[in-house]
Amino acid sequence: MRKINALAVLALVSIALVARSLADESNTLAPGVAVGAHAPDFSLQDQDGTNVKLHDFDGKIVVLEWTNPKCPFVLRHYAVKTMQTLAGQYKDKGVTWLAINSTAGTTNATDKQWATQQNIAFPILNDVNTTTGKAYHATNTPEMFIIGKDGTLLYKGAIDNDPDGDKTNDKVNYVHKALDEILAGQTVSQQETKPYGCHVSYRD
Amino acid sequence: MLKLRIGICLAVLGLWTQLAAAEDSHVRARLLADVSAITPGRPFMLGVMLSVDPGWHVYWKNPGDAGLPTRVQFTLPDGFTVGPLLFPTPLRIEQPGNIVVLGYEDSVLLLAQVTPPAKLPDGFTAQFSAEVSWLVCADVCIPGKATANLELGAGPSAAPANADLFDAATAQLPVEAAGSRDIAAIHISHAEAGRVVIQISWKSGVPGDVQFIPATFDDYNITATQVQSEGDQTRITVNFQALAGKKPQPVKAQCVVGYKDNEGHRRGVNVMLALP
Chain R
0 MRKINALAVL ALVSIALVAR SLADESNTLA PGVAVGAHAP DFSLQDQDGT
50 NVKLHDFDGK IVVLEWTNPK CPFVLRHYAV KTMQTLAGQY KDKGVTWLAI
100 NSTAGTTNAT DKQWATQQNI AFPILNDVNT TTGKAYHATN TPEMFIIGKD
150 GTLLYKGAID NDPDGDKTND KVNYVHKALD EILAGQTVSQ QETKPYGCHV
200 SYRD
Chain F
0 MLKLRIGICL AVLGLWTQLA AAEDSHVRAR LLADVSAITP GRPFMLGVML
50 SVDPGWHVYW KNPGDAGLPT RVQFTLPDGF TVGPLLFPTP LRIEQPGNIV
100 VLGYEDSVLL LAQVTPPAKL PDGFTAQFSA EVSWLVCADV CIPGKATANL
150 ELGAGPSAAP ANADLFDAAT AQLPVEAAGS RDIAAIHISH AEAGRVVIQI
200 SWKSGVPGDV QFIPATFDDY NITATQVQSE GDQTRITVNF QALAGKKPQP
250 VKAQCVVGYK DNEGHRRGVN VMLALP
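Protein sequence lines, in the order shown, are assigned to chains R and F.
For the first sequence, numbering that gives the first Met the number 0 gives the first residue as 0, with consecutive numbering after it.
For the second sequence, numbering that gives the first Met the number 0 gives the first residue as 0, with consecutive numbering after it.
Bound-form chain F, shown alone:
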């Protein structure tokens, strides 16, 4: 089996293993595909479905002020390749003490595109596995891991599977502003004097729950964010400060503006922030 690393596994230290094996891990992981069988040479999507107990949350690739990113390591058959792990737009969760974390409540389907080889032997069955590691928190935090498996046969024409789940998760992935059906225009100011302003013009009124989801900037803290909406406009002011004693190099990272569309579904748009 060809092991492909697309994330870093949490080390298995004694204490951590014990905690992960505890009965109440508050997270269940399943591995799904958006096809019922594999067509040679035709890419398809794998999805890691995480179901999280009410009152608990797991984290986005940037966890925010605390926590650990959710990580997945896929194991695929020889000749199969997998793309990067795709994260649907997370929630911005504000905890007491002005602590902001980024993650998921209830459930999330993490996606990855798999490309099968151009030829597969007759009767070929593929074994896929996903080693998932996470930190799940409510008041307390519990690290956890699980391996989820999926077996798929190969066939000439693959019928879709789990369409509702994959469609919903795909719709929740952050998109480029130009491709967004809800955004007319985005303008990002020059970052200076510790602040950058994102101005959004919405196509049909300001949606609900507009949130700024920051990327990790190694040498900067995002110190405060204000979101103000009026008419068809939202103005997001992002305040940043270099870590003490550091004179950072200019850096760019992909942040996300999350919101809820008219049907109540979470959506997001990519916003590239360039800090000086």
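Pulled out of the complex, with its shape left as it was, chain R reads as follows:
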């Protein structure tokens, strides 16, 4: 009896291990959050030390903007007010704009300084501990995620199609386009693009 029990346990353990490794494989194969999946919750402090959770905005459209005040791509956009304008434009349409700063060395104070310098009206969330950046697999600054009212990820990728900042006629702001489609009740036509920018400079 003992021998059979041991074999049964061994068999069950083996099946469990294989099932777990298959599950792990699928988790590690595509890091981050797929479009269509539920956007992971987070709880981070903004530049005033206020705790902000994604969950606070259930029923609203949320735009996440990965940022780094030292990144030239971010600086270029902020100089021409790309993010500020979009955030302001869609604020009254039920869209919440949240910047997230996963850069090593970030403090609430440095985020506050940046907000004051750039006259930023939206929260800048301190992800110096890297958990949220890694949950979303944010790789670039800037990098954009749009979350629908039901908490589903609807868009991820670049802010626009212009990494060199020199396009004229053929410039497309993907976030602007996606938000208009979402607000009109349409499926987002371009759900994922490749982000461009500096690498997110995680502490570890």
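The hints are simulated quantities; they were obtained by calculation from the structure and are not laboratory data.
Just so you know, even glycine gets a beta-carbon here, dropped at the ideal spot from N, CA and C.
It is possible that some hints are incorrect.
As the list claims (entries may be wrong) - The following residues of chain R were derived to be distant from chain F, with all beta-carbon distances above 12 Å:
#1 41
#2 60
#3 87
#4 148
#5 149
#6 152
#7 191
Unchecked claim - Pairs of lysine to any residue, SDA-like flavour, derived with a Cα cap of 25 Å:
#8 F:60 <-> R:35
#9 F:245 <-> R:69
#10 F:60 <-> F:38
#11 F:251 <-> R:160
#12 R:69 <-> F:23
#13 R:170 <-> R:150
Add chain F to chain R, keeping to what the hints say.
Here is chain F on its own, set in the frame of chain R:
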């Protein structure tokens, strides 16, 4: 002067110019040739030598998960033509947060073949210039550009110049598997179910630092790569996923398998990946 475009120059926007002119650009660019004088009608190599400060890197033609490709625009005299910019096998640099970029630390010599016209006047002096633009990163990133110049006279028999530098860079260019002195065979599986497998048989044992260097696939993300070696074999599993909402057309792009040979020199072999 005939201007030939072989890359796209970074636009000069106010902020970018300021940053490029900053004293500590962390990159120095020089223009070299592998000949001491030009022989009419005989092709020679130009090389753009980029020296990068320790702790910083510049990028390959496909930068990877972040960054910008290094670009060169050559200016040549009338009648001279230049081939495509050739990139030595880059490093696969893994940064915190599972970010993979492709580029160069320390230094790199980017190569291009120049063909002079069949006839040149006596005493002819050629002016070459290379406008180089880059993004150089450590923790922070700084865009930069520089123009490097070279003057060469014409002569009946051109002695080699900078042979060590050009030989080393040429040896670091990716080669076809058939022409590789280190590889016995490469087999690439059919790409399906989000994965393609590259099986390499090495002629004399697995070399060091075997890395997979992906090309850019516009409609696909390379989501994960595993490199496993045993005996004389390396198995590289490349996982890919179409961008959300896209049904891509079949596409092929030249990837590279990089490694370090017995003498510690970086080498690479081309691997054409066909995604469905």
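Worksheet item: Can you give the numbers of the hints that this structure goes against, from lowest to highest?
Response: 6, 7, 8, 9, 10, 13
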